[in-house]
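Engineer: Residues per chain, in single letters:
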Amino acid sequence: MSAGDPILQTIDLVKVYRSGKVDVPALLGVDIAIERGEFVAIMGPSGCGKSTLLHLLGGLDRPTSGRVLLDGVDLSISSDGQRTRLRRDLVGFVFQRFNLLPTLTVLGNLEVARAIHSNGRKIVPAQQLTDTLELVGLGSKMHRRPMELSLGEQQRVAIARALIHKPSIVLADEPTGNLDSVNSDNILRLLQDLNGNLKQTIVMITHNPEAAATGHRTIEMRDGKVVRGGAASRHPAE
Amino acid sequence: MGVITRLAASNLFYRKTKATVSILAVALGIILVTVLVGLADGTINEHSKRIERIGADIILQPPGSSALFAFNSGVIPIKLKEKILQFPGVRSVSPVLMTAGTKVKDSIVLLWGIDADTYPQVGAGIKIVEGRMFSAPYEVVMDTVWASSKQQEVGDSLMLMNQEFKIVGIRQAGDGGRLLLPIGTLQEIMSAEGKASFFLISAISASAVEPLAAVLRKELPGYNPIFSSTYSQAFRENAIAFKQFVRVVTALAIIVSFLVILLAMYTSVVERTKEIGILKAIGASRLFIVGAILLESVFLCLIGIASGYGLSFLTKAWLLHLYPSLTVDISWHRLWTAGAWAMAGGIVGSLYPAYRASRLDPVETLVFE
Ligand SMILES: Nc1ncnc2c1ncn2[C@@H]1O[C@H](COP(=O)(O)OP(=O)(O)OP(=O)(O)O)[C@@H](O)[C@H]1O
Ligand SMILES: [Mg+2]
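Chain order of the listed sequences is A and B. Okay, so the first sequence: first residue is 2 according to the working numbering, each after it adds one. Okay, so the second sequence: first residue is 292 according to the working numbering, each after it adds one.
It should be emphasised that the hints constitute simulated quantities derived from the structure, not laboratory data. A few of these clues could be false.
[Said to hold, decoys possible] With a Cα cut of at most 27 Å, we get these calculated DSS-like pairs of lysine-lysine: (1) K418/B x K394/B; (2) K565/B x K372/B; (3) K565/B x K167/A; (4) K418/B x K142/A; (5) K340/B x K394/B; (6) K340/B x K534/B; (7) K418/B x K457/B; (8) K340/B x K396/B; (9) K565/B x K22/A; (10) K418/B x K396/B; (11) K307/B x K565/B; (12) K307/B x K142/A; (13) K123/A x K167/A; (14) K565/B x K123/A; (15) K441/B x K457/B.
Bound-form chain B, shown alone (with noise of 0.2 Å):
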């Protein structure tokens, strides 16, 4: 190892506990993004793959839905099954409506109204693992995940926007909402009538589902006729709102340790007058301390991202921990970017503080005590 990376390792090891808040606050910054857009992403993937699992071939989103979660409220009227159901290809049409997040037992689920005679034939059906489907008004199917994580059982009763039901079955998890219940009834508490919020579609056979798609875009402009195999894809490239949190969060996790590297290695080179000076008076260029300046920020930056990754897991455990039903997704990529960002975050701090210590006059740090 160089005298230079010693020399700037050693300044690190120094100076302990600055070193230390220093890492920990440009790991900080990275535990933010990845854990934040983790949050997000899981989310994402998590209600997307819920969807496709479902197994229709098509799913017709209403016009202008682009948006995260546009289709929150009730807007393709039910109606509009009579005629897709006249359209060439198509073999059943389930009508689902959604509620936006709504607080049950202290954690946010979507609602799901559903058609409980069509939603089994646009897909794998719902599998009941114990007690019924719903058959009446105000009665609701849980899946095993929230019913264990709620600690419900079949025959309770469950508050659900203000609203008295009653938990008759538990299906298997894995696909569609975690709570389902009757879509009159929802469409009742929302003042949806007749509204749905995406049709689940489902075509004949494999090679009919392309042509009823172009179809549907055909004689319903507007309307967004998704491939269930694509939906994570295409739900995640038109959630616009999630990429501004995504830049958002990334940009706080920049300014972090742009601040704490500018911050720390301002006061490293204010201690450290003397002896920058004496390095140039031996001899030293500017390029030379601004190298080692560099040097000395580049190694707090790895050290936090390293920690950052490393803490951003156990966050993620630790969360997985308090709320089961959380989804947090950490991906190479973002960890990736995380960190390439929070080091040019960092490099760009060092870079004032660097050129400062570079224009130290000797003579004056050296005379005059």
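Only chain A is shown next, with the shape it has when bound in the complex (with noise of 0.2 Å):
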């Protein structure tokens, strides 16, 4: 592919959850594309689909129907196995809901994505991981335990390990909701930093107009469906 292909791209992207026998159609119909090194946020209602659209633009989970195509593979068609291989290797995920591992320290929770990271193509140096800690700002903390930490350190632990091993794509769902305006600034600020300096793709749900300005463009969805914003913008940032 050429290096003007969009590295994400949605075709038709429908997902309908089954929630025993009701289903529950969370994404209807839903086209986007995404550049390389572009900082995309992705704004909407609660419910509208953010974070289904960004569990299958990271492989997570197959879509009813529709294609995603992540580095021009269509995900849509890939075996479970692939999809892992992809998520592992170009993918760094930020959860809505920090889900950290409760009995590791925070240093702990990184070296577990290190060895999972070290079963692909990257191998990630030791030092990587204190350093991404010193970048998050929790350099300081890295023996303590995620119970020991603010809700805001955690979801700062959680940033700093989808970091590490530095994915080509972050996918990041809220990673300022539970934050306070100096943290939150603080983390935009170290997001726009590695998509400007890495250049990282960074897609970022947010409920926030704010923060959603510090990317290039937005993306508003409501009920499933793209709004505004779905096409990707012409020149993302050099």
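Now that you have both chains on their own, put them together as the hints suggest.
Structural biologist: This is the structure:
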């Protein structure tokens, strides 16, 4: 594929969850394209399908119909194992609810991620873990357990964990949702820096218009559809 | 230590109560095997060693007496003794009649009816330390261990199989039965007149033993002459019931650890759906998840087995304290097999939870609360 192709693209993406006997439509035909190096925000009311879209973009789940192309690979027809490998090597996820492993320290959580990445294409040097923790301002707390941290600190650990292998794509589900404005600004600046310096593609869900404004473009969703900003912006940050 | 090892270990310590219960349950399986089998081993060793130590050259068992304690009842006609004495190389023959385990003073004991005249001729004899050898019916001689554990003295009377006996002597423990009485009296009580359970035979010289055994085998078809020196081994090899017992008990231990680990790991997987989901979301392969769960089970088993080993020895000490006349032999071989099987049971038990964990859908676990 050429460098001009979008790194992430969806074509008529539909996702219907089955909850018991009821069908819950979450995405009703979503077409978006995201260029390499773009920093995109996704906004929309609760329940409109933002998280669902993000999970499909990262190959966590399979669409009901339609296609998801990640770096040219069609995730909708990839096997579980293939999607797992792509996710491991290319994607860093930050979840809406930061799911850290409670029994390990901050550093331990990052080490597990490192162990997982070491099965793949990227060997993460140990130094990278402490460097990343310094980057998110947690250098002094790496031997604490998640329970001993504030929500904002836990979220920053989750972010650090998503970044250690320098993924080409960072998918973040409300990374600033639990943070005060100071911490939130720090995280947003961090994402901006990563995007600017490492040319990482960033897709971030947020409810906060100011946070959304740090990106190049905002995709607006409503009731399982994109209502604005779905097409790639012509000039991602260079 | 690798982080995955630490993850498994920390998960265990994080849920202390559950881990402790699982570990104790695995340990229980181990204790079950080592102590029960040790008890059986001990009893068998002890019994056969006692026969060995009498010092006869050959023990002649009746036909079909391969199973454990099959010579309980008298089946050899005493008359046979005269015939055997005609064989070349025989020095002396002494019949022994033995009861099945009989309850005396709250413990099970084998009563030995012996012939006071010939018994000393086939072996080292009986060393009386107090009182005298029996010389009349319904007299009994006990050994020093029994005397001290049951606190019996010379002159006491003792009920054996509903008959009153008089204790006339105490002898040095080590060989033969703990309680010796005249074979005639025991035949009468057991209604086994003219019968013996086995013969103790001694040869004129060491080199005459093997030829004698060959003659016995030829002249008394079906009878089973066993060299005293290999008695324990032969006894054990022929003890089919004993082998089955060991298998059953070992199977129990396997089942216990299988179920315990299955349950423990299954509940762990259910409790940790989210954490497993996050590992998968980060890119952990199924194999990685399976490995992490297996590792945790291996830890549980290892700690359980180690505790089981320790507790087995404690249990043994406690049992011997309560019942000094018991013999419990805990061998490395038995410990090793019990541990290996418990581990195998545990690993098999963790396969299903591990499989379930590896199949968890990360989205289900992450999105929906
Ligand atoms: N695993 C699931 N099973 C069934 N229904 C689901 C599942 N996950 C999400 N849904 C439903 O799909 C719809 C979209 O959910 P989604 O989580 O994508 O919304 P969202 O835009 O991220 O909302 P929020 O801003 O509250 O996080 C909702 O109606 C939700 O109830
Ligand atoms: Mg959401």
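Engineer: All the hints need checking, so say for each whether the structure fits it.
Structural biologist: Evaluated hints:
1. K418/B x K394/B: Since the Cα atoms of K418/B and K394/B sit roughly 25 Å apart, the hinted pair holds (cutoff 27 Å).
2. K565/B x K372/B: violated, 80 Å
3. K565/B x K167/A: Measuring from Cα to Cα gives roughly 24 Å; hence the hint holds.
4. K418/B x K142/A: violated, 78 Å
5. K340/B x K394/B: Status holds; Cα separation ~22 Å.
6. K340/B x K534/B: holds, 19 Å
7. K418/B x K457/B: Given pair K418/B, K457/B holds - Cα atoms ~19 Å apart, limit 27 Å.
8. K340/B x K396/B: Cα-Cα ~24 Å, so holds.
9. K565/B x K22/A: holds, 24 Å
10. K418/B x K396/B: Cα-Cα ~24 Å, so holds.
11. K307/B x K565/B: holds, 20 Å
12. K307/B x K142/A: holds, 25 Å
13. K123/A x K167/A: holds, 9 Å
14. K565/B x K123/A: With a Cα-Cα distance of about 25 Å, the restraint between K565/B and K123/A holds, given a limit of 27 Å.
15. K441/B x K457/B: Between K441/B and K457/B the Cα gap is close to 15 Å, so the pair holds against 27 Å.
Of the numbered hints given earlier, the model fails hints 2 and 4; all others are met.
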